[in-house]
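J.: Following the hints, put chains C and S in place on chain U, whose structure we already have.
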Amino acid sequence: MLTVSGLTVAFGRVTALDRIDLEVATGEVVAILGPSGCGKSTLLRSVAGLQPLDAGEVRWDGEDLAGLPVHRRDFGLMFQEHALFSHRDVAANVAFGLRMQKMDAPGRRRRVREVLGLVGLAGFEEREIATLSGGEAQRVALARSLAPEPRLLMLDEPLGSLDRPRRDELTEELRTLLRRVGVTVLHVTHDHDEAFAVADRVAVMQSGRIARIGAPADIWHDPRHAGVARFLGHPNVVTVGDDGAVPWGRLAAPAGPAVLRADAFRRAGSPAGEDGSVVTGVVADVRFRGDRFELTLRTDPGDFELLVRDPHPAAAADRLSYIIDPTRIASLDS
Amino acid sequence: MPADRLLRGLAGALPVVAVGGFMALFFAWPIGGVIARGLGGTGPAAVLGDVLGSGSQRSVIWFTLWQAAVSTALTVAVALPAAGAMARLRFRGQRLVRALATVPFVLPTVVVAAAFEGLFDRFGLAGGGAVSLRHTVWAILMAHVFFNYAVVLRTVGAHWAALDARVEDQARVLGASRLEVFRRVVLPRLSPSIAAASAIVFLFSFTSFGVVLVLGGPTRATIETEIYRYAVVRLDLATAAGLAVVQLVAVVALVAVSNALERRRAVAEPVSSPAAAPRRRGPGLVANLGLMAVILGLPVAVLVERSLAAGRGGGYTLRNYTAMADRVNLLPDTALAALGNSLMFAAPAAALALAVGGAATLVVVRAGRGASRRIGRVFDIGLTLPLGTSAVTVGLGFLLVLNRPPIDIRTSLLVVPIAHAVVGIPFVVRTLVPMLRTVNPRTREAASVLGASPRRVRREVDLRVAARGVAVGAGFAFAVSLGEFGATSFIPRRPETLTAPLALFRLLGTPGEALRGQAMALAVALMALTAVAVFVMDLWGDTRRGVF
Amino acid sequence: MDRPPAPIPIHPGAPRRMIRPWLRAVAVVAVVLALIAAACSGDRVDSSAEDLSGTTVTLLTHDSFYVSPETFEAFTLQTGIEVEQLASGDAGALVAQACLTAGEPLGDVLFGIDNTFLQRGLDCAMFDPYESPGLAGVPDHFELDPEHRVTPVDFGDVCLNYWVEAFGDSLPPPSSLDDLTDPAYAGMLVVQSPETSSPGLAFLLATIARYGDGWERYWAALRDNGVAVTAGWEDAYYGEFAAGGGDRPIVVSYASSPPAEVIYSDPPVDEPPTGVVTASCYRQIEFAGVLAGAGNPGGAAALIDFMLTETFQNDVPLNMFVFPVIESATLPPEFVAHAQIAEDPFMLEPAEVETQRNAWTDRWVEIVLR
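Here the protein sequences come in this chain order: U, C and S.
In case it helps, our numbering puts the first sequence at residues 1 to 334.
In case it helps, our numbering puts the second sequence at residues 1 to 548.
In case it helps, our numbering puts the third sequence at residues 1 to 370.
Keep in mind that the hints were calculated from the coordinates and are not lab data.
Just so you know, not all the hints are guaranteed correct.
[What the hints assert, rightly or not] Not close to chain C: a few residues of chain S, all C-beta gaps over 12 Å, as computed:
no., residue
1, His141
2, Asp182
3, Ala351
[Stated by the list, open to error] If you only want the chain S side, here are some residues facing chain C, beta carbon under 7 Å, derived:
no., residue
4, Ser88
5, Gln97
6, Asp235
7, Pro267
8, Leu369
We put the CB at the ideal spot given by N, CA and C, even for glycine.
If we strip away everything but chain U, and leave its shape as in the complex, we get:
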């Protein structure tokens, strides 16, 4: 089990990591989710031992790792840029960690074949790194990190450089793979879909701190912080008055800050009935998203901008009413 406590790293006057506390149970997959520059990568590098700590400690099964150099930690780290050894072929890349473990050549060959099969690159042993596509390079990097069976596997934006469909596909593969291997994982990403798909628990980082940690569904339903909510794609943060007052009228929600998820709106007049709060406004902007439309609705009254997801078409300047689903409103910590 990985235990991080009070971890602090500063670069000059900028605090990259601010008193981070985090636990990852053996076999658990934890995703660190956050915008670029929030300190995710620094967290991984600190755990790996590549980054000297200014304060705090990193423990594995209770043992302080402070004196243990990088190469003896038995952790795996897959870099965002993959950092493959470009002057060696695929097999040599994957076998590198095994050689460091002094595994014999037949054993290495067997394990390389096995791991390459696992990541879907069977038969790629002799390929030169120069000839790999982005997705293939990513899998080789993953295979290289997995091969030595590290006690903790850290993935830094492993799918970062891929196009959307490949990304979705590989996210799924990665999820299955990590479950199958049963390895303990710390997975850094800026993509919440990826984080939710892969992780048992998600920690949302903001400016060097963990703002929210929990199961993916908990975080989705109960982001607690406006910043977390916004990062998850829900910018509709309003302050609810004592009597439920909001700029456009009333809302069936407790007083204090609250977030209205973008999928909380149903076009009024549709068959579902009209038992929730209602908001009316003018469409300021429409964006087509394939299976839905995303509108910016300027409320009237109140002149408040809401992001609304709607399966039905709409046009700019339309005047529309929406019923707000109270179960998709979450109160935020003030």
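T.: Frame of chain U; chains C and S shown alone:
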């Protein structure tokens, strides 16, 4: 774990101590000894005042500087396109061309001078015609280009090959012409190795001795020839030491500037970005090879022809080569045995240069902040100085200071390879430092996370990336040792340890066509030996890159 | 990158010394003072006292020194003393090194200091006196140091050489230094700079010995007659002189150059293609001496004795292209046939050379090169 930490600290300090100790003992101390002895009499201020106050000395200093600068500029201008062709194109016999380009390096200057004068004769430039190059500064510059071409070709070429070619393709797609790509995309990334190669070429031209005297004629003098004249001919050690100080100051200033340039411009290449597969052929290949054939090939061809000439009788023969197996009276051994001796000195000299230079490179490249950074800078500059220091100063210094037990090694057999290694080390450092600076730190970290200890990382990542650089550096160290004359002749040796360049001088020092023919054959054999050795080292360097 | 080559001195004959009267007076005073000093000195080397068998004597030489292995084997057989040789640089470098390490020498005996550098070596106090019994067989005029700090071992002459084919009935080869200023010989001579070359310096000294204070006028005339100057011997001999394909038929070289041209000819020839102007020669005598502070002074003395034996002296000509100093030595046939020994070569006192050399060469540079 304080013991553990102490141990690791010691391991980190070991290369610093070893390299620093080596250079202090075999370079700084001897040089310091000579200068102290020379300046001790009348005091440094008076001597330096005399040297700098004299108009003729000032003009010597000025000539030394400008001819070195022009030689460097010319060499870079001529060899840079060829370095690009060698880095970006693949053609048959490429490795051979690369190895052959190194051979001028081992040629003693009398031989080179003979080759150039032969060329001037053949093209009617030796005087009598409208244009005469004999005893002109042009002859000096041409010879310096000839000598140093390989330095730029190989150091810059090795670095160039390690750069990501796709960036250049990208720029082409963005609408840049070939020239613009070179200027805006290649040159900035290449400037560290160009700075490094220029520094070497400058220092070599700066301390040029035989070329200046023989090709430049008796009216031209450089600081180097003046040091020799004052220290040896006039036994005026004070003036010699004053000039040595001036030389040292100029060299330190130059190297400091060049290193700063090299460091500032060094950019790590993106990870996972091997150069695109090289093209088979490209424009300019023929032009470059043609130019190379003229610059390097013609003088060498003159020597080969002379080595085959059957004396004054005319016609051609292999007699001069077969004669190398027989001892002539003037020499303690056969010319062939002298070649063998040269090899015996060059191998340990190159190994020593590689060991010390390699350790020094790590210190320089890894220098972090504070003290380690300062040490790195000092090493970076200090290790290049031997190239810019007069062989006379070093030779006399060895005699002066290395004379008390337990290090009375003045007459030891080790002195020769050590002296050669001191000159070879700058080549190793100046080739490796720019190459290792292109290694992305992520790649090292990746290896480290995968369980490679720091030492293992050096072997598995740095050495592989720099394998060609190691080969290039070792090749130069080897060639420098094979061809070294000045310091070797100054070190007291047993006659049976005669080296090939020394034998060559003895053969050329007595009249007789047979001796001259054998000298030419020996020069050609020396070149062939160098080409083979460099070829083998390149082969090693190239295979190390791809192999598991 | 390279040093100029080690000069090889060469040549023979009873020298007529060009010594001015006042110098003779100075020399007499010097001898007297030296004898007094020597009498007070306890450093005199004695070779016969102890058993030196099993010891090693170290011989320092310039790079051009070489004798057959059998020669030193004979010495070891006679005395039981092993000889270790250490060679470095040219004669100038050798003396410079020995001067710097005077008192802490690298060896026991130094061989290869010639009369142009002799005074410098004596001034450095690098030698201990030793008078070898072998000197009995050496003509007196070879002994330049009355204190016997150095012992003459061989000699050679620096002389003008000419390319035989270039001369004939219409124009005979030059027969004197005077001839060289004759317009008939315009553009024919190549010399080496005395600043960087040992034969170049010797030739300058020859002209000074010949013309005295008029030497500057002589060189101005040579300059006006188109003399060419190179830095070193190779460049002159193989670059400008006809032997290497150059177009100048007169060069400053050695009296032993013609025999070398025969011995190392290709294809073989009976007569050398070059000749010597015997009236232009400057004598260079090479000396050996026991180094002050030598570890094995007895062995050093024995080696110097050996250098004056026929075994050593007969071996010298073909290995170093110089001439033996003892009268009983036998010259090899090539030398007998082709070497011409000047009957009255030029020479200057070592002390005068030492004090004047820099002034002379500075002046020479101004006259000839500027």
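J.: The structure should be examined with respect to each hint, and the outcome stated for every one.
T.: Right, here's what the structure says about each hint:
1. Against chain C, the non-interface label of His141/S holds: every CB pair exceeds 12 Å, the least being about 27 Å.
2. Here Asp182/S stays apart from chain C, with its beta-carbon at least about 22 Å from theirs, past the 12 Å limit.
3. Under the 12 Å C-beta cut-off, the non-interface status given to Ala351/S relative to chain C holds; the minimum distance is some 15 Å.
4. The interface hint given for Ser88/S holds, since its Cβ lies 4 Å from the closest Cβ of chain C, which is under the 7 Å cut-off.
5. With its C-beta approaching chain C no nearer than about 6 Å, Gln97/S sits inside the 7 Å limit, and its interface hint holds.
6. Using the Cβ-Cβ criterion of 7 Å, the hint placing Asp235/S at the interface with chain C is satisfied: the shortest such distance is roughly 5 Å.
7. Below 7 Å, beta-carbon pairs count as interface contacts, and Pro267/S has one with chain C at about 4 Å; its hint therefore holds.
8. Using the Cβ-Cβ criterion of 7 Å, the hint placing Leu369/S at the interface with chain C is satisfied: the shortest such distance is roughly 5 Å.
Hint compliance for this structure: every hint is met.
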